[in-house]
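A.B. asks: Mind docking chain B on chain A? Use the hints.
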Amino acid sequence: MSIDARITDDLVANGVEFITTVPCKQLAGVIEEIDQRPEIFHIPSNKEDEGMGLCAGAWMGGKRPAIIMQNTAIGVTINTLATLIQYYRMPLPMLISYRGELREPVACQVEMAVHTKALLAQMNIPTYHFHNQSDVEELDMILKYTFMCNKPVAILTDANFWGGYGDQ
Amino acid sequence: MIRSEILKEIAPILRDQLVVCNIGIPSQELHAIDDQPSNFYMLGTMGLSSSIGLGLALAQPKTVISIDGDGSVLTNLGTLPTIGNNIPGNFILMIIDNGSYGSTGDQPTYAGMKTDLAAMARAAGCDNVVEIMAKDTGPALQAAIDSGKGTVMVVKCESGNAKNPVITMDPVVIRDRFMKAVAS
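Taken in order, these protein sequences are the chains called A and B.
Using the working numbering, read the first sequence as starting at 1 and increasing by one per residue.
Using the working numbering, read the second sequence as starting at 1001 and increasing by one per residue.
Honestly, the hints are just simulated from the structure, not real lab data.
Some clues are possibly wrong.
Here are the simulated lysine-lysine pairs, PhoX-like style, with alpha carbons at most 20 Å apart [to be verified]:
no., chain 1, residue 1, chain 2, residue 2
1, B, 1008, B, 1135
2, B, 1180, B, 1062
3, A, 151, A, 117
4, A, 117, A, 63
5, B, 1180, A, 63
6, A, 63, B, 1008
Just chain A, same shape as in the assembly (with noise of 0.2 Å):
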């Protein structure tokens, strides 16, 4: 099975049935699998905040939700995990494109990837680094985390995970 499929297994078998996505090539395959899913109801979002705000609202409807987004976007969401899904106590898991890492070509992305886990350790968000692609294995558990205990959590899965970024 791929990666994507599992991903996507993993999401709709804890009751993901909403989900916002912002692309990034390393998650195109993932974002096509759950666009196949009649599970699930994929609204692609302008910016991750938007996103994050469509996703507060969904759950407050009775939707499990879940955003997709790349790790820079971390710089766009501060204040919105802060004040509206960490203030108002709200589930979101985050599997996020770890952009910057080990087998990454575009030296910009390092820029941001030097500042994701210290801006997610000073935000108290639980975070997860999926590096070899057994470490999907964790996805259904964290994701059972995460509606448990009501918070933002960080899912980084960088290129050596999703088998290199194109030919690196």
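C.D. replies: Quick look at chain B alone, frame taken from chain A:
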């Protein structure tokens, strides 16, 4: 008319609906005029009233009214294409457009200058956009609810704020009683 006068007039309509209310003075005014468990007060996160309301409307069948401001829509302009392409029949975005940042001292916004939010909403793909004067808000809001069509309302009014205390209710209490109202 200023925003608080509009809210006073439409309070009897709002009290039977799910309302997501914009950060700052708009939430303080609605809270003082007619506090309801079915009101979700934003205590932070400028700009996301329309996004939270859209997510809520897409997730369940009850009518949702997002009360927003011109300044807040301008800070989250990406919301208009998302609404334009996904709006369900039970979502109403009511932009109270007083041409100013009311909560921060009434500094002018671009919506009070050359920028036309109703035209921007139409250009973003919103099919039902109504632009009205403040005094017509009640009937227009009721018509939007009755139509069962997703609607963006731009309500033109004067700049100004009523004096009310800040909301001291705990955010988790606001959210919990709101979710119970949604589920009831």
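A.B. asks: With reference to the structure, classify each hint as holding or not holding.
C.D. replies: Here is what the structure says about each hint:
no. : hint                 : verdict
1   : 1008(B) with 1135(B) : holds (12 Å)
2   : 1180(B) with 1062(B) : holds (13 Å)
3   : 151(A) with 117(A)   : holds (17 Å)
4   : 117(A) with 63(A)    : violated (28 Å)
5   : 1180(B) with 63(A)   : holds (14 Å)
6   : 63(A) with 1008(B)   : violated (32 Å)
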